[in-house]
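Protein chains in written order, with the working numbering: chain A, 1 to 253; chain B, 254 to 598; chain C, 599 to 875.
Think of the hints as simulated: they come from the structure by calculation, not from any bench. Even for Gly, the Cβ is constructed at its ideal location relative to N, Cα and C. Be aware that a few hints might be false.
Away from chain A, derived, C-beta distances all over 12 Å, residues of chain B [claimed, not checked]: (1) V454; (2) A467; (3) G470; (4) G472; (5) E473; (6) L479.
In silico SDA-like cross-links for lysine to any residue, where the CA-CA straight-line distance does not exceed 25 Å [stated by the list, open to error]: (7) C:K679 with B:A578; (8) B:K576 with A:G184; (9) C:K679 with A:H90; (10) A:K149 with B:G550; (11) C:K679 with B:K549; (12) B:K549 with C:T698; (13) A:K149 with A:R170; (14) C:K647 with B:G550; (15) A:K168 with B:K457; (16) B:K457 with A:H155; (17) A:K119 with B:A578; (18) B:K457 with A:E129; (19) A:K187 with A:K119.
Covered stretches of chain C, going by a simulated chain B footprint (3 or more residues, C-beta under 8 Å) [stated by the list, open to error]: (20) 603-613; (21) 697-708; (22) 757-765; (23) 814-821.
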Amino acid sequence: MLLEVEHLTKNFGGLSAVNDFDIQVAEGEIVGLIGPNGAGKSTVFNLITGVLPVTSGRVMFDGCDITRRQPEQVARLGIGRTFQLNPLFHEFTVLENVTSSFELHPYSSLFDIFFSTRKYRRNEAFIQEKAHEILELVGLSEEADELAKNLAHGHQKMLGVARALATKPRLLLLDEPLAGMNPGEIKYSLDAIRDMRANGMTVLIVEHNMQILSLCDRVVVIGFGKKITEGLPGEVRANAEVISAYFGADYVC
Amino acid sequence: MNEVMNISPAVEESTATGETSRTKARRWPGMSVVGALFIVLALLPLGISGSYYMHVLILTFVYVAIASSWRVVSISGQFNIAIGAFMGIGAYAAAIPSVWLHWPPWVTIPLGAVAATILGAALAFPFARLRTIYYAMGTLFLGYVVINLITAGGKTTGMSTGLGGVQPLFGDRRYYYYLTLGLMIVSMFSMYRFEFSRIGVRMKAVSQSHQVAASVGIGERRNRILAVAFGSFFAGLMGAVYCHYQGVASPSSYGLGATLWIIMYVLVGGINSFWGPAVGVGILMVIPEFFFRDLKGDLPYVTAAILLIIAFTMPEGIVGLLKLARDRVFARLRRKEVDLDASGG
Amino acid sequence: MINVVLLGVVYILMGVGFAFILNLLGIFNLAHGAIFVSAAYGCYLMVVKLGLPGFVAFPLTVLAAAAFGVLVERFLFRPMKADFNRTIMVCIALSTILVTTFNRFMGTRALSIPPFIAGTTGIGPYKVETDRILAFCIGIVILVAIILFVDRSRWGARMQAVTQNREGAALQGIRFGQIAAIAVAVGFGLAAIGGVFMGTLYNLTPFVGDVTLIKVLMLVILAGLGSFNGIFYVGALLGVLYGALPVVLNGAVVDALASIMVLALLIIRPRGFFGHE
Chain A
1 MLLEVEHLTK NFGGLSAVND FDIQVAEGEI VGLIGPNGAG KSTVFNLITG
51 VLPVTSGRVM FDGCDITRRQ PEQVARLGIG RTFQLNPLFH EFTVLENVTS
101 SFELHPYSSL FDIFFSTRKY RRNEAFIQEK AHEILELVGL SEEADELAKN
151 LAHGHQKMLG VARALATKPR LLLLDEPLAG MNPGEIKYSL DAIRDMRANG
201 MTVLIVEHNM QILSLCDRVV VIGFGKKITE GLPGEVRANA EVISAYFGAD
251 YVC
Chain B
254 MNEVMNISPA VEESTATGET SRTKARRWPG MSVVGALFIV LALLPLGISG
304 SYYMHVLILT FVYVAIASSW RVVSISGQFN IAIGAFMGIG AYAAAIPSVW
354 LHWPPWVTIP LGAVAATILG AALAFPFARL RTIYYAMGTL FLGYVVINLI
404 TAGGKTTGMS TGLGGVQPLF GDRRYYYYLT LGLMIVSMFS MYRFEFSRIG
454 VRMKAVSQSH QVAASVGIGE RRNRILAVAF GSFFAGLMGA VYCHYQGVAS
504 PSSYGLGATL WIIMYVLVGG INSFWGPAVG VGILMVIPEF FFRDLKGDLP
554 YVTAAILLII AFTMPEGIVG LLKLARDRVF ARLRRKEVDL DASGG
Chain C
599 MINVVLLGVV YILMGVGFAF ILNLLGIFNL AHGAIFVSAA YGCYLMVVKL
649 GLPGFVAFPL TVLAAAAFGV LVERFLFRPM KADFNRTIMV CIALSTILVT
699 TFNRFMGTRA LSIPPFIAGT TGIGPYKVET DRILAFCIGI VILVAIILFV
749 DRSRWGARMQ AVTQNREGAA LQGIRFGQIA AIAVAVGFGL AAIGGVFMGT
799 LYNLTPFVGD VTLIKVLMLV ILAGLGSFNG IFYVGALLGV LYGALPVVLN
849 GAVVDALASI MVLALLIIRP RGFFGHE
C-alpha cells in the first residue's frame, strides 16, 4: 500500500471532525473519497498532509510514518495536493507558478543557487522546459505569461493541478477538482484526470460530485467523519440510494 | 461606477503587457545606468574635496545597503520593524570588544556582522509563528527590547549616552568612502543574486501563500529565517562599519525612529522594486543634505514634504512610477507594431 | 499612589483613542504620540502665553485636536485608501512636521503646564495636589462617557458594525466617511486629553510623544488588536507597572521587562489577553 491511514481522529475542541477513519490507496490506483459538505473530507486531506495536527491515529506513506510531519516535509516525500479554495501564487505568472513548484527535483542547494553554478543553470533550464510541458498537458500554454490572478476560474483550477504535478508526486491528492466548474470545464478536467490514470499516477480525489465515480477504481464514502461504506464505483452508486434514504436526499449529490 | 468599469480593461492590458515584456533585453539599459553610476561614484572623490559631502555620501552608502537589506527581508512577507536593532547589535558587537578589549577593527567588524546574523536567525525562529501585523508588532517590540537592554547595560554599553572611543579604521575619510562604496556594491550584488534566483522565488512564494508554498515543498519557517539572517548580516555589517567610522555607538541611532526612517527610504523608493531602497535613500538623504542644507533645523520639513508627495502621488514609490511609465511606453510601441502588422497583412 | 492611578488613566485614554482609529480605519496611527505632544504644547501656549484659565484652555485644546482629526482624516487618511505602507508614510510625515515645529519654536527645554488649581487636599497627613484629583475625576468621567457612547448611542452601534464588517455596514447604508471622521476626531481628542494631563503632571519636551507611542502600542497589543475592553484592564496594569516600578528599578530595566512581557505574549498568544480567536 502506498498510503495507509489507520484510526485517524481529529477533534476541534469537543467536536470530532474525523473519527476513527481508515483509508488505503495502492500504487497506481485512483480512489475517490465522497461525502456531503461538512463530512470531513478536506479535514482528512489536511491531516494527511500535515496542515492540521492529528489528534490520534497513524498515517503511513510508503512504509514511512508521516503522522507528525510538517506540510513541506510531506510534500518532499512525494505527496502533491490541490486545495478546495484553490489558493495560487497570485502575483506570479502562470509559468512562474509552475516553475516555483519545482522545488524538489532537480534539487539545487543554496550554494548552487547563490553562486549560479553550472548545475543550477542546467537545473533551471530543465525546469523551464518541463514547466512548459506541464502547461501543455493541462492546456494552459497560451496563458503562460498571464498573471495567475487574471485567469478564469476553471483555468485557475487547472493551474492548481499543474502546480501539484510539478512536484512530481507519487501520490496526488485532489481536493474537489470539479467544484465551481461549468459542464465544459468538468468534462475537460475529467479527461485530464483520465490522462493521469493512463500515466500510472496514484490519485486520491475528494469530491461531492458523483460524476467522478466513473474514473475511480474504488470509492470510500465518508459521513460525519466516519467511513460509511467502501467499494467499487458501481456498488457505491447502488448503495447511494440507500444512503440518501438514511441521510436525506441532499446527502449524495 | 461606469468610469471604473471603463478603466479596468485598460489597466489589465497594461499589466499583462508589462509582464510579458519582462525580458533580459529590457533590463539591460537599467543595468548599464547602474554601472555608470558606480563608476561616477568611484571617481567622485577626485572631484569633490569637501569632506562634508563625502560624509553624506558615506552615510548614503551605508543606508543604501541597510535599506536594501530591509527590503530583502520584506520580500518573504515579513514587515520587520527591528532592522535598526540588528544594526545596533552589529555596532555594539564591534564596539564593545574594540573599546574594552582593544581588538583591531578588522576583527570586530566581521564579528559584528556575524553576531547580527546569528542573533537574527535565533530570534527569527520564534517569530516565524507570527504573520502580517502581528509579526510587525512583534519585531517592533523586539527592537525596543534590544535598545532597552543596551541602555540598561551599564558601563559596558555606555548606557543611553553611547559607547565612545571605538577605534577608527583609517585616518583619511577617503578610505572610508571607498570601503563603504565597495561594501555597498558587494551587498547589492549579493542581494540581487538572492532575490532574482530560486531563493527569491521561494521567498516570494512564501509571502503570497505559505499554505501553497508548503504543498510544493517550500517550507515557510526555514525560508523566513533565512531571509532574516541574510538581511541581518548586511545590517550588522554596515552597523559595525558605521560605528567604527563615527567612533561611537549610541542607542538612539538604532531605535524605533531610526528603523522607521529606514522603512521610509524603502517606501519612498518603492518597496516592490530592487532599486527602490537605493533611490529612496538618494531622495531622502542626499537631496535634503546637498540642496537644502541651509535650512538646518527646518530640514525635517523637506523630508516630510517628500514623504507626503510620494504617498499621495506614487503608491508604488518612485521606481514603481518609473516602471509604470516604462510599461506604458512599451505597451504603446507594441500596439503600434500590431497596427502595422494588421495593415500590412 | 494617585500618580500610578492617573498614569493608568492617561494610558487608557491614549490606548482607547488609538484603538478607535485602528479598529475603524485599520490605520496604525504612528502620529498618535505627536498629537499627544501637540495638545500639551497647545494647552501650554494658551495658558502661559495667552493667559487663558485652565478651564477654558483645556476644552479648547481637546476641541481643536478633534477638529484637526477631522481634517487629517479627510485630507490625509482617506486618500490613502487604507494602504498600510502609504498610511504609515503619512503618519510619519505628520508626526515629523509637528515635532519639528515644537522643537523649532519651543526648544527642547522641558516645560510644564501650570496647575489649573493650586494647593492640596487630603485627609489628615495624606495630602495630594488638588489638580491631580481633578484630572483623575475628569479622566474617569470621560472614560465612562466613551463606554456609554460606544455601547449605547446610535453612532456607537454604527461603529461596531463597521468594525465587524465594513462592506456589510455599507450595505446597511452606513456611510464610512462619517464614521471614520468621528473615529479620528475622538481618537485625537482623547490623545489631547492625555497630553494635557501629562503636561500638567510631568515635564514636557517635544520627544515625550515617541515614548508614549511605544507605551500605547504595548497597551494595544497586550490587550489584543481589535479588543476594546481589554484596554481598560491592561491600561491599569501598565499604569501600575510604570508608576510604581521605577521607584525600585532603573527605568530602562522596567521598559525592557515590560517589552519582554509583550514579546512573550505575542509569541505565545498573538491575539493578546483579551482578543478573541
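Each hint tested on the structure:
At roughly 5 Å from the closest C-beta of chain A, the C-beta of V454 of chain B falls inside 12 Å, breaking its exclusion from the interface. Not every C-beta of chain A lies more than 12 Å from that of A467 of chain B, the closest at about 4 Å, which undercuts listing it as non-interface. Non-interface call for G470 of chain B relative to chain A: violated, since the shortest CB-CB distance, roughly 4 Å, does not exceed 12 Å. For G472 of chain B, the condition that its CB be more than 12 Å from all CB atoms of chain A is violated, with the nearest at approximately 4 Å.
Its closest Cβ contact with chain A, about 7 Å, brings E473 of chain B to no more than 12 Å, contrary to its assignment away from the interface. For L479 of chain B, the requirement that its beta carbon stay farther than 12 Å from each beta carbon of chain A is not met, with the minimum near 8 Å. Distance restraint check for K679 of chain C and A578 of chain B: the Cα-Cα separation of roughly 22 Å lies within the 25 Å cut-off, and the hinted pair is therefore satisfied. Only pairs whose Cα atoms come within 25 Å are accepted, and K576 of chain B paired with G184 of chain A is rejected, the gap being roughly 39 Å.
Restraint check: the Cα-Cα separation between K679 of chain C and H90 of chain A comes to about 21 Å, which is no more than 25 Å; the hinted pair holds. Using a Cα cut-off of 25 Å, the hinted pair K149 of chain A and G550 of chain B is violated, with the two alpha carbons roughly 48 Å apart. Of the supplied pair hints, the one linking K679 of chain C and K549 of chain B is violated, its CA atoms being roughly 34 Å apart against a limit of 25 Å. For the hint pairing K549 of chain B with T698 of chain C, the CA-to-CA distance comes to about 11 Å; that is within 25 Å, so the pair holds.
As the CA atoms of K149 of chain A and R170 of chain A are separated by approximately 28 Å, the hinted pair breaks the 25 Å bound. Between K647 of chain C and G550 of chain B the alpha-carbon distance is near 24 Å, which keeps this suggested pair within the 25 Å criterion. Proximity of K168 of chain A to K457 of chain B is assessed by CA-CA distance (about 22 Å); at most 25 Å being required, the pair is judged to hold. Taking the CA atoms of K457 of chain B and H155 of chain A, the gap is near 22 Å; set against the 25 Å cutoff, the hint holds.
Between K119 of chain A and A578 of chain B the CA atoms are separated by roughly 37 Å; this puts the pair beyond 25 Å, and the hint is violated. At most 25 Å may separate the alpha-carbon atoms for a hinted pair to count; K457 of chain B and E129 of chain A meet this at roughly 22 Å. Taken as a hint, the K187 of chain A and K119 of chain A pair is broken in the structure, with Cα atoms around 41 Å apart against an allowance of 25 Å. Closer than 8 Å: that is the beta-carbon criterion, and the stretch 603-613 of chain C has 0 residues meeting it against chain B, so the requirement of 3 is violated.
With 4 residues carrying a beta carbon less than 8 Å from a beta carbon of chain B, the stretch 697-708 of chain C meets the three-residue requirement, and the given coverage holds. Remark: the stretch 757-765 of chain C is not confirmed as covered by chain B, as 0 of its residues place a Cβ nearer than 8 Å to a Cβ of that chain, below the required three. Check on the stretch 814-821 of chain C: 3 of its residues sit with their Cβ under 8 Å from a Cβ of chain B, so the three-residue criterion for coverage holds.
The structure shown violates the earlier hints numbered 1, 2, 3, 4, 5, 6, 8, 10, 11, 13, 17, 19, 20 and 22.
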